[in-house]
Every structure is written in structure tokens, then in C-alpha cells.
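Trainee: Line by line, the protein sequences are chains A and B.
What the first sequence shows, in this note's numbering, is residues 1272 to 1384, in sequence order.
What the second sequence shows, in this note's numbering, is residues 407 to 519, in sequence order.
Do not rely on the hints blindly, as some may be mistaken.
As the list claims (entries may be wrong) - List of simulated lysine to aspartate or glutamate pairs, EDC-like, C-alpha gap at most 20 Å:
#	chain 1	residue 1	chain 2	residue 2
1	A	K1328	A	E1346
2	B	K477	B	D490
3	B	K474	B	D461
4	A	K1284	A	E1372
5	B	K462	A	E1372
6	B	K448	A	E1353
Read the hints as simulated data drawn from the structure, not as lab findings.
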Amino acid sequence: KAGVTQTPRYLIKTRGQQVTLSCSPISGHRSVSWYQQTPGQGLQFLFEYFSETQRNKGNFPGRFSGRQFSNSRSEMNVSTLELGDSALYLCASSSSGGGTEAFFGQGTRLTVV
Amino acid sequence: GESVGLHLPTLSVQEGDNSIINCAYSNSASDYFIWYKQESGKGPQFIIDIRSNMDKRQGQRVTVLLNKTVKHLSLQIAATQPGDSAVYFCAENAVRNTDKLIFGTGTRLQVFP
């Protein structure tokens, strides 16, 4: 059974640009969550999707958005990139969300220059 | 922002010894807790979980203890091996029936021969 797949693995963008990251959850999993990981802030929750609906949102500006498709694949978008958006973006999936094992992908390393 | 705290940022142990990693969580209403292991360049890897109606749960070489009275979690690793060297995170389920997790700051475990 394939794990959580995130693409791309690495990305370099310029300030002001926008970026889209993709996450394919484990087959059968309906819940997808996104996290930002930085040395200074650690792992911070961005948002969670379940059956194409955003169920939770973290404390991030509106430049951060996401969506989930009918096949449970998810994308997150960051517009008007800032240097401080440089981070490892992690996606996790679980079968039903809430009190079940959440499995992470390898992450997308975003560098904003 | 929200966070689950850890007492020891770095723990050094000798190969073969037992390791104990501690974590203080913030929300007394949290009902589900997970320990993750993260190796360099990889996403967090699920180790073990525990629900709030339990005090202890054992896995292969790992045990998680939950003390709800003082909001404290610990991860015990028996016979620590070099392959256990990584950063360990505790996480609490912030919103019931969802996958919103609040992560601790992490503890680096170093195993020396």
C-alpha cells in the first residue's frame, strides 16, 4: 500500500510569486491535513480537509489556502510568497479523521528567495 | 501560538539503555495523543498512540504513559539502538473527531555506542 505522496519534493520560488503543493493520501483515506514545519516555530497546523470540506483551519494568513478533490487528493496554495514562508510543508492522511492514526508524507521543501 | 511543551530538548543515551522522553500537553480536553519520530530529511513517522481512557499502551520496544492529572505524556524506548536517533514529537488531538494536531517542540534523541 503506497504511503502519502507529496509533490514536488523541493521548490524554489521568488518573493511575490505563488505556489501550489500537492498531496495524495493513502488509498482509502478521506482526511488530509497540512502542516508547516520551521526550525523556529516547529510543526504548525495549517488546515484539515475531510470529504472535500475544510474542517479546521490554523492561525495562518489568508494567503494560505487549500482544497480537496473528490478522490481525496489535496492541494495547498500560498500566494504572494514571503521569505518567512520558507519551510517544510507536510501533509498527513488518516482514514476517518479524529482519533485515528495520521500518516505523514515526506514533505515539500519550499525555499523563497 | 498553541503548542505542547517538552522538558528535554536533547537526550543522549548509550546504546542498549532505556530512553524516556517527556511531554506536557496543554488541553485537558484532548482525548487522543500520538508520538512521532522524525529522521533528518523525512516526514514524521507514527510510533504509537494512546487515548485518554488509557494510562499505558505498549508497542514493540516502546511504551507510552499518560497522566491526565498533570497533563503529562512520556515515551519509553527499551534497549535504545542507533537507529532510534531522531527527533521525537508528541502531539495532542486539539479538536475531537478531527485530525487537528498540536505538536510539541520536539526532543532530539542521540544514541552513542
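Trainee: Going through the earlier hints one by one, which of them does the structure break, listed in rising order?
Mentor: Hints 2, 4 and 6 contradicted; others consistent.
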